[in-house]
Amino acid sequence: MARITLDHLAHAYKANPRTAEDYALKEINHVWSQGGAYALLGPSGCGKTTLLNIISGLVRPTRGRVLFDDLDVTDLSTEARNIAQVFQFPVVYDTMTVRENLAFPLKNRNVPRDRTARRVEEIASLLDLTRVLDRKASNLTADMKQKISLGRGLVRPDVAAILFDEPLTVIDPHLKWQLRSTLKEIHSALDITMIYVTHDQTEALTFADKVVVMHDGAVVQTGTPEELFERPAHTFVGHFIGSPGMNILPCRVEGTTAFLGSTTIPLQRAYRTLSESDRVELGIRPEFVRLQPKGAGLPVQVRRIDDIGRARIARVEMNGRPLAASVPDGISIEGSEAALAIDPRHVHIYADGHLVPGEATGGHAA
Amino acid sequence: MTKTVNNRAWFFVLPVFAIVAFSAVLPLMTVVNYSVQDTFGNNQFFWNGIGWFQELLDPSSQLGEQFLSSLMRTLLFSFIILLIEVPLGIAVALAMPREGWTVALCLVLMAIPLLIPWNVVGTIWQVFARGDIGLLGWIVNRLGVDYNYTGDPVDAWITIIVMDVWHWTSLVALLCYAGLKSIPDAYYQAARIDGASRWAVFRTIQLPKMRRVLLIAVLLRFMDSFMIYTEPFVLTGGGPGNATTFLSIDLVKLALGQFDLGKAAAMSLVYNLIILAICWVFYTVMTNVDAQRDRVEA
Chain A
1 MARITLDHLA HAYKANPRTA EDYALKEINH VWSQGGAYAL LGPSGCGKTT LLNIISGLVR
61 PTRGRVLFDD LDVTDLSTEA RNIAQVFQFP VVYDTMTVRE NLAFPLKNRN VPRDRTARRV
121 EEIASLLDLT RVLDRKASNL TADMKQKISL GRGLVRPDVA AILFDEPLTV IDPHLKWQLR
181 STLKEIHSAL DITMIYVTHD QTEALTFADK VVVMHDGAVV QTGTPEELFE RPAHTFVGHF
241 IGSPGMNILP CRVEGTTAFL GSTTIPLQRA YRTLSESDRV ELGIRPEFVR LQPKGAGLPV
301 QVRRIDDIGR ARIARVEMNG RPLAASVPDG ISIEGSEAAL AIDPRHVHIY ADGHLVPGEA
361 TGGHAA
Chain B
1001 MTKTVNNRAW FFVLPVFAIV AFSAVLPLMT VVNYSVQDTF GNNQFFWNGI GWFQELLDPS
1061 SQLGEQFLSS LMRTLLFSFI ILLIEVPLGI AVALAMPREG WTVALCLVLM AIPLLIPWNV
1121 VGTIWQVFAR GDIGLLGWIV NRLGVDYNYT GDPVDAWITI IVMDVWHWTS LVALLCYAGL
1181 KSIPDAYYQA ARIDGASRWA VFRTIQLPKM RRVLLIAVLL RFMDSFMIYT EPFVLTGGGP
1241 GNATTFLSID LVKLALGQFD LGKAAAMSLV YNLIILAICW VFYTVMTNVD AQRDRVEA
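Which chain is which? The protein sequence lines are A and B, in order.
So the first sequence is residues 1 to 366, counted in the working numbering.
So the second sequence is residues 1001 to 1298, counted in the working numbering.
If we strip away everything but chain B, and leave its shape as in the complex, we get (with noise of 0.2 Å):
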C-alpha cells in the first residue's frame, strides 16, 4: 500500500485538536495547577506540592474529614438509588402492557420526568414537600407525622431520594422495557408449554434477555446520582447540617463559596479519579462476565 505524504492533512485536523485542547485538556491542566497551589487573593500563587492532597486524603485534617464524610454520603445515596430504582423499574416495565394504545400513553407519561430540567424537578418537589403549602408535606403533616424536610436530616433525605426515584425510575423502566420488547413470543409460549410459573418465566427468561439492558442502567443510574447535584442543591441546599452535602455540593462550596481554589482543585481531580475507577471496575466485570460466560460455552 501507498501513502500520500501530504502535510496538509494536519490543517483539517487541526480544528479537532483546538476544540478538545479548549474543551478538555487546558481545563484540567487549569486545575491540576491550581491543585498543586495556594493562593491568598491577588492572583498570587504560591507552590504547595502535594500538600492538599495529602490533606484531603488524612481523615484526621478538617479538609480530610469533610471530604471522607461527603464521599460516604454520596456513596450511600448511589447504593439506595440502584436499591430502589432497578428492581422498581424492572416491575414498571414488566407491568406495561406489550400493545394497544395504552403503550404510547405509558410511555409518553413515563417520559414526562425525564424530560423536566433538573433545578425545575428540584424546584417542584422543593415547594410540593414543604409543610405549610406544599400539598404532599401538608398531607403528610396533617396525617400525624412529623415531616419536615428543611430541619430533620432523616426527612431531607427521604425527600431527596423519592425525588430521585421519581424522576429516573422511568428511565430504568423504559430501558427495562425495550429488553423485554425483544424477547420472541416463541419464548413465552415455549414457558406455557412448559407449565413455567410467573416467576420461573421471570428468572429464565426475562431477567437474563433484559441483562444487557439492566448493566447499562445500572450503570448509567450509578455515574448520574453519584454526581448528583442540581436537584438537592435546589431542594436542601446540602441541608439541614451537612446532611445532605453530597462530593458535588461540597465542592461547590469549597471553590465557589469559599474560593479556596486549590482544595477544590485537589478535591475535583480525586472526585474525577474516583468516578473513572468505579467506571472502570464496572466495565470490567462486565466484560469479564461476558467473556466468562462465552468461555462456559464455548
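With the rest of the complex left out, here is chain A (with noise of 0.2 Å):
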C-alpha cells in the first residue's frame, strides 16, 4: 500500500540538458494518493509515458525523487517496487499456459507452490479466466492477453499500484468497454492504486476519478472530469477536452467586459490585473453557447449543422471566427442568420493560455 509522490521530478533523454525544451518531461509535483483511480491524459508525445516508466523505475528520473510513502525508491530497481505495469501491447510468455503466466511473477519471488497456486485461482476467477487456465496464452485474443498482463500484476500481494500504458488501443471496440468495467470492479474490489495513460479523453473520464492533463512535458491540470469540463485551467485543456472542444476567442477585457471586435460579453468577474502583453483569449464551452433565431444575442453566420448523436452543434462563424454552438431541441434556422445566447457564468478568460481566476464583484458590475 502506498502513496505515490513525485517530488520536483524532470527528465531529459538527451544527456545535459539546459533550456526547457531538452526536458522531455518538465518539472513535476504531485502526489498519488493510495487507492485513489488516475488517469493520465495527453497527446502522444506529451510525455505521459516517460511518467510513467519513471514511477515503475524503467527509467531514471535526470532530476527529483519518486516517494512511496515516505521511501526514496528513486534508485530502485523496477522489481524492487511493489509495481505492475500493463502495457500498449499485451505481453504474454508464449511457451507458457495461462495459469504458468500467472504464477510467473511468484515464481520468481520464490513463493511456497500452494499459496501460488491459491493466488492464481482467485485472480483468475476475479479477471474471469478460469476457464482458459490451462490453455497456452500465445494464441488467446488480445482482450483476454490484456487481462493475463493485469492478472500478473494483481497476482502479487504487495502490489501497491497498478500502471496502464494505453491498454486498450489494440483491443476491438465492443470490448473495450467490457474491459474497462472490469478495471473499474478491480479496483473497487481490491485496494489498489490505478494510473491509467491515455490519449483518449473518454477512456480518461470514465475511467478515472482524477484526471491528469499533459501537455508537452508538463502537467496543466489535475482535476475531477466536472472540474476539467467546468473550469479548464488552460486553453489546451479546454481545446483537448470535449467535443467538440471548447470556443477560444482572442479578446480585449475591461473590468467586466469583454470586447470581441465590435461584440460585446458581459463577465461575471472582474479582471483588472490582465496587463497589456498578455495574449488574452475568451473561453466557452460549446454546451453553454446556444443558437437562437436571430434578433436578440451575438448576431453569427451558421456555416452548417453536425448531428453528433445525443446533440446537434451548429458551426457558425462571428465576425469571421469559427465557433461551434449547441442547439437546443425544436428550434429550427433560416437561412444563414442567426444568434448566439452565452451562458455568463461559463465564460471563462484566459492570459496566455492561463485561466485568470477574476474577482468577484458582488454580484454588481462595477
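Source of the hints: derived by calculation from the structure; they are not laboratory data.
Here the structure is a predicted model, which is why all the values come from computation and not from measurement.
A few of these clues could be false.
Beyond 10 Å from chain A on every Cβ pair, some chain B residues (computed) [stated by the list, open to error]:
#	residue
1	Leu1071
2	Leu1105
3	Pro1117
4	Trp1118
5	Tyr1187
6	Met1227
List of simulated lysine-lysine pairs, DSSO-like, C-alpha gap at most 27 Å [said to hold, decoys possible]:
#	chain 1	residue 1	chain 2	residue 2
7	A	Lys107	B	Lys1209
8	A	Lys14	B	Lys1209
9	A	Lys210	A	Lys184
Note that CB positions come from ideal geometry on N, CA and C, so glycine has one too.
Both chains come to you apart, so use the hints to assemble them.
Okay, structure coming up:
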C-alpha cells in the first residue's frame, strides 16, 4: 500500500539538458494518493509514458525523487518496487499456459507453490480467466492477453499500484467497454492505486476519479472530470477535452466586459490584473452557447449543423471567427442568419493560455 | 470465366522449359544413365542394371564400406558443427550491442568471414595452422602441444571444425540477432516487473521468439555442412589417410580421380536422396511442430 509522491521530478533523454526544450518531462510535483483511480491524459509525445516509466522504475529521472509513502525509491530497481505495469501491446509468455503466466511473478519471487496456486485461482476468477487457465497463452485474443498481463500484476499480494500504458489500444471496440468495466470493478474490489495513461478522453473521463492532463511535458491541470469540463485551467485542457472542444476567442477585457471586435460580452467577474502584453482569450464550451433565431443575442452566420447523436452542434462564424454552439431541441433556423445566447457563468478568461481567476464582483457590475 | 485459347503462350514458356531442361533435367538424366552402366573407356558403355547401387549399399563390399564410412564421417561432422555453432551463435547474438555505432561495427566484422570465398578460407587456414610458418600451428606447438593437422587425424578434424566454426558461426549469430531485434521492449520491461532472472528472460522470451530463425539456421547449417567440399579439400585434401574424406570429397575422387563414372553416378544419386530425405524430415517436423502448437492453442 503506498502513496506515490513525485518530488521536483524532471526527465531529459539528452545527456546534458540546458533549456526547457531539452526536457521530455518538465518539473512535476504530484501526489497520487493510495487507492485512487487516476488517468494521465494527453496527446502522443507529451511525456505521459516517460512519467509512467519513471514511476515503475524502467526509466531513472534526471532530477527529482519518487517516494512510495516516505521511502525514496528513485534508485530502486523495477522488481524491487511493489508496482506492476500493463503495456500497450499485450505481453504474454508464449510458451506458457495462462496458469503459468499468472504464476510467473510469484515463482520468480520464490513464493511457496501452494500459496501461488491458490493466489492464481483467486485472480483468475476475478478476471474471468478460470476457463482458459490450462490453455496456451499465445493464441488467445488480445483482450484475454491484456487480462493476463493485468493478472500478472494483481497476483502479487504486495502490489500497491498498477500502471496502464494505453492498455486498450489493440482491443476491439466492443470489448474495450467490457475491459474498462472490469478494471473499474477490480479497482473497487481491491485497494490498489491505478494510473491509467491514455490519449483518449472518453477512456480517461470514464475510468478515473482524478484526471491529470499533460501537455508538452508538463502537467497543465489535475482535477475531477467535472472540474476539467467546467473550469479548464488552460486553453489546452478546454480544447483537448470535450467534443467539440471549448471555443477559444481572442478578445480584450476591461473590468467586467469582454470585447470581441465590435461585440461585447458581459462577464460575471472582474479582471483588473490583465497586463497589456498578455495574450487574452475568452473560453466558452459549446454546451453553454445556445443557437437561437436572429434578433436577441450575438449575431452569427451559420455554416452547417452537425448531428453528433445525442445533440446537434452548429458550426457558426462570428466576426469571421469559427465557433461551435449547441442547438436546442425544437429550434429551426431559416437561412444562415442566427444569434447566440452565451451563459455568462461559464465564460472563462485566459491570459497566455492560463485561466485568470478574476475577482468576484458581489453580483454588481463595477 | 472464359479462357482464351492461344497457342502462342507455349512460345513464351519455352525458354523456361529449355533452361530447366539443360540445367537440371538433362544433367540428372545423364547421371541416372551412367549409374546403370559400366565403362572401360573409349566411350564404350555396358549395361549394368542396379549393380552399382547393390554394391554401394552393401557394406561388405569395398565400395559400400568406403561409402558408409564417408557418410558416417559427414554425419558426425554436421552433428558436431550444429552442436557448436548453434549455441555459440545464440551466445554471440545475445552479447551483441542493441544500439549505437557499435552495432554497425559488429555486423561488418561478423560478415567478413561470410564474404570470403570458400577456397580462400581453406587456404587461409592451411597456412594459419601450419606448424612451421603458420601463426596458429607455430604457437600451439611452442606451447608444448604436439599439433600437426597433416599427420594426425584428430588434429585434422579439430582444424576443420574450428575453421568451419570461424567461417559460419556469424551466419547463425546474425540470424539470431535479427530474431532478437524483433522482440518489442515491452517484453523485457514486463519481465523486469515480473522479477524474471536473466536466465528466465532467455528461456521464456528470447528463445521462444528466436525459434523460427533458429530452425532456419539449423537447416541451413546442416545442409551446408553435409555438402561441405571446398574448405576441407583445400585444407587436408581428405587426409590424413581417409580421416577427413567426407561424402563430397569421396564422390569427386571417384568421379574425377578414378573416372569410375558408374559408381560415382550411383553414389551421387544416393547422396542426393539422403539430403532430400533429411530435408523432408526437417520440413515435416518444423511444420508439424507449428501445427501442433496451433492445435493446442486453438
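Which numbered hints turn out to be false for this structure?
-> 5 and 8
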